[in-house]
Structure formats: C-alpha cells, structure tokens
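Undergrad: Chains as they are written, first to last, in numbering that gives the first Met the number 0: chain A, 0 to 77; chain B, 0 to 82; chain C, 0 to 114; chain D, 0 to 118.
No lab work stands behind these hints: they were computed from the structure.
Derived SDA-like pairs (lysine to any residue); straight-line CA-CA distance at most 20 Å: (1) A/Lys71 - D/Ile97; (2) B/Lys52 - D/Ile60; (3) A/Lys21 - B/Lys22; (4) C/Lys90 - B/Arg76; (5) C/Lys99 - C/Gln34; (6) C/Lys38 - C/Gly10; (7) D/Lys100 - D/Ile113; (8) D/Lys114 - D/Ala94; (9) C/Lys86 - C/Glu111; (10) A/Lys71 - D/His104; (11) C/Lys90 - B/Pro24; (12) B/Lys52 - C/Tyr6; (13) A/Lys77 - D/Lys26; (14) D/Lys112 - A/Glu73; (15) D/Lys26 - D/Ile39; (16) C/Lys38 - C/Pro27; (17) D/Lys112 - D/Val98; (18) A/Lys21 - A/Tyr75; (19) B/Lys22 - C/Gln34.
Partial pick of chain A residues on the chain D-facing surface, computed with a CB cut under 7 Å: (20) Leu4; (21) Ile7; (22) Ile11; (23) Ser18; (24) Leu23; (25) Ala26; (26) Ala46; (27) Pro47; (28) Val49; (29) Glu53; (30) Ile56; (31) Val64; (32) Ala68; (33) Thr72.
Simulated DEER-style distance windows between Cβ atoms: (34) D/Leu24 - C/Asn1: 52 to 58 Å; (35) C/Lys99 - B/Lys52: 45 to 51 Å; (36) C/Asp98 - B/Asp79: 14 to 20 Å; (37) C/Gly88 - D/Leu24: 35 to 41 Å; (38) C/Ile3 - B/Val8: 17 to 23 Å; (39) D/Leu20 - C/Ile3: 48 to 54 Å; (40) C/Lys99 - D/Ile10: 46 to 52 Å.
Virtual Cβ for every residue (Gly too), placed ideally from N, Cα, C.
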Amino acid sequence: MIFQLILIFIMIILAVAASLFKDLINAVVACAAVSLITSILFYFLQAPDVAMAEAAIGAGLTTAVFIIAIRKTERYEK
Amino acid sequence: MTLMIFFGVIIIAVILALIRAVKGPTAPDRVVGVDIMVTITVALMVLLGIFFKRRIYLDVSLIYAVLSFVGVIAVARYLDKGL
Amino acid sequence: MNQIIGYIVMGVGVAFLFLGALGVFRFPDVYNRLQAGTKCTTLGAFLSIIGAGIVEPTWFLKCLIIAVFILFTNPISAHALARASYKSGVKLWDKSVVDKCKDFEECAKAQEDDK
Amino acid sequence: MSGIYNWMYYIASGGLILIGLYIVLVKTNLIKIVIGLNFIDTGINILLICIGYVRGRTAPIFSRPGISPANVVDPVPQALVLTAIVIGVAVLALALSIVIKVYQHNKTLNVTKIKGLKW
Chain A
0 MIFQLILIFI MIILAVAASL FKDLINAVVA CAAVSLITSI LFYFLQAPDV
50 AMAEAAIGAG LTTAVFIIAI RKTERYEK
Chain B
0 MTLMIFFGVI IIAVILALIR AVKGPTAPDR VVGVDIMVTI TVALMVLLGI
50 FFKRRIYLDV SLIYAVLSFV GVIAVARYLD KGL
Chain C
0 MNQIIGYIVM GVGVAFLFLG ALGVFRFPDV YNRLQAGTKC TTLGAFLSII
50 GAGIVEPTWF LKCLIIAVFI LFTNPISAHA LARASYKSGV KLWDKSVVDK
100 CKDFEECAKA QEDDK
Chain D
0 MSGIYNWMYY IASGGLILIG LYIVLVKTNL IKIVIGLNFI DTGINILLIC
50 IGYVRGRTAP IFSRPGISPA NVVDPVPQAL VLTAIVIGVA VLALALSIVI
100 KVYQHNKTLN VTKIKGLKW
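Just chain A, same shape as in the assembly:
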C-alpha cells in the first residue's frame, strides 16, 4: 500500500518538474519517466495488457515523436 503512495508522489514530482524545465529535451525525458511510473500503477491495478501497451508506446514511440518535432523546430523555451 505504501509503495503505491510513494510511486504516486514520485509521479507528481516528475510532472511538476516537466512543467518547470526550460529545456524541452529535459521536459520530454521527464514525460517518459511519468509514463514509466504510470505503467507500474497499471500493473498494481491488475491490468497487465494496458501496462504492456503503455510501456511500448510511452517508452519508445512518444519520446521519438517529440524528439523529431524538437529537431524540426527549436530546443529552448524562451
């Protein structure tokens, strides 16, 4: 029980950090970490198939799409 509470706390900290970073690469990396913790929460909620989809999409595809978009535009938030 206390494990889920600590994981939720970690997830909220990472989301707040993603909103505060000025460098968009750091924000995207924090976004991938939020997806990771979300996958563990789905695992605790007895939904392994949803955790599998979230793992495959959140770990690889979302980060790659964001990185390609940042490559085409600019890196720092002014």
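Given chain A, work out where chains B, C and D should sit, using these hints.
TA: Chains B, C and D alone, transformed into the frame defined by chain A:
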C-alpha cells in the same frame, strides 16, 4: 517477508535515481537517471510477478526490456546532431 | 532448498541495484555516473531476474529471455549516450587524468590530413 | 490513515489532470502545450482504470484453472483504455505535425506572437 525488504530497497534506489533525474545539471545527467530508473523497474516488475503469483505478468517486463532503449537512442542521436 | 538459493541470488542482485543507484546519486560527472549506473544495474537486474527464475522453476525460460534482452540492450544505450554527451561538449571532471577519445580524434584527423 | 488508501489513485489522476491543465493554460510554448495535453490523457486513463478496480481480485486473464469470473476485476474499462492509449498517440503525432507547420510558417513557437488568427 523477504520480498517486502527487497521492495523497500528498490523503492529507495528509485528515489535516489529520481533525485539525480530532477537535479542533474545537464541533459545527459537526466537521461542517465531515467535510464537507471527503467532498468530498476524491469527487476521490480519481475519481483512483483512473484508477489502476485501470476506468470502472465512477466510479459510487461519483457516488453519493457526489449523496447526501453529506443527512447534513450532517440535522445542520444539528437544530442549527437544526427537524426 | 530451491527457495533459499533463489532468494539469496535475488538479494545479491537487489544489493547491486541499490549500489548502482547510489553511485548515480553520488558521483561527480556524467561519465562516472554512466559507468557506475550501467555496470551495477545490468548485473543487478540480471541476478535478480535469474533468482526469480530459480524460485519458480516453471518460469525459468521466460526469465532467461528477459535477462538476455537486458544484457543486450542496456550497454547499447549506455554507449550511445556516452558518445553523444562527449560530442555535445560535456566537460570531463576536473580531476580526471586521461582522455583517450581526444587522442583518438586527433589521430583520426591526422590520418585524414595525410591522405 | 486507511482513508487515503481508498483515494490515492483518484489523487494521482486528479493531480496529473490539474498539472496538465496548468501547463495548457499558462505556458506559451506550443510543444510544452502538447506535453500538457499528453499529461491530461494519461490522467484520464488512470481514472478510467481505477473505476473498474476491485480490491483483492486478480487480472481478467484465464490462464490457470483457479480463476473464475467471480474473482476478476472489470475488463470493460481496460479494453476502453487500451484503445484510448493508441488513439492518444495518433492525436499526439497529428498535433506535433501541425506545430511543425506553424513553425515553418511563422518562425516562432510563442503563441502570443503568432498573429495569423488575429484580425
């Protein structure tokens, strides 16, 4: 009981990696923190599979072990001025 | 007997995971952090997954597949990250004594000049 | 103390939705706004899954004989969320392609300086 001690140690390790991922001065520091967090999480998922006694739960860990390096490779190729 | 051996192997793996995370937290430089984190964490994840396979003997094949994939993909990402952080201009720690990659790049540049 | 254990997943989903809403309303960078939309998507997925969760039951996959429909969690929200994750990634890719076209047309990502819709 033994598994509970292991979960506690792993949670402390995740918190240490989290501090590095939030605090690290440059972008590769944060990527290192998140990469370590991913590898610790794969081990945590296997131990949770033993805790819940369901064999089907190992598939999540398998997917994460296969696909987790794609995001790190993407960030590394961006910092390398490639992609 | 199976249970005891499995839990001992798993405990060694979890200890290595903790030491890897502690190294990532404590070390002063990107390259030091990468070295500590990747080596310790790869060994720790390998041992804890193999220990899980020993505790439940019918799961051993799937656990072995996961461990082999960890062993393949983790050094690839670490190598790519170290190369990228060197090329993007992250400085070494000021007490580092040797920089082999700089020598190698100067040597490659000299060979290109010769041609 | 046992009260928070019943509410912690709702706290997680509500916190993610609020942080995403804050990013969408306050930040001015377009890629940051898309990151906020991604957070809102994740929060709603956690909310839908934890509505169907019953404590003490197991996953709805009949892989061994001892599992009957009386002791599994609700499988309908899981199928719903499994579809919603995939559609969320498609919407994300479309939004980022629109952001790239806006950047090529206006040479900036700041939403207060894009004057194409003001007249």
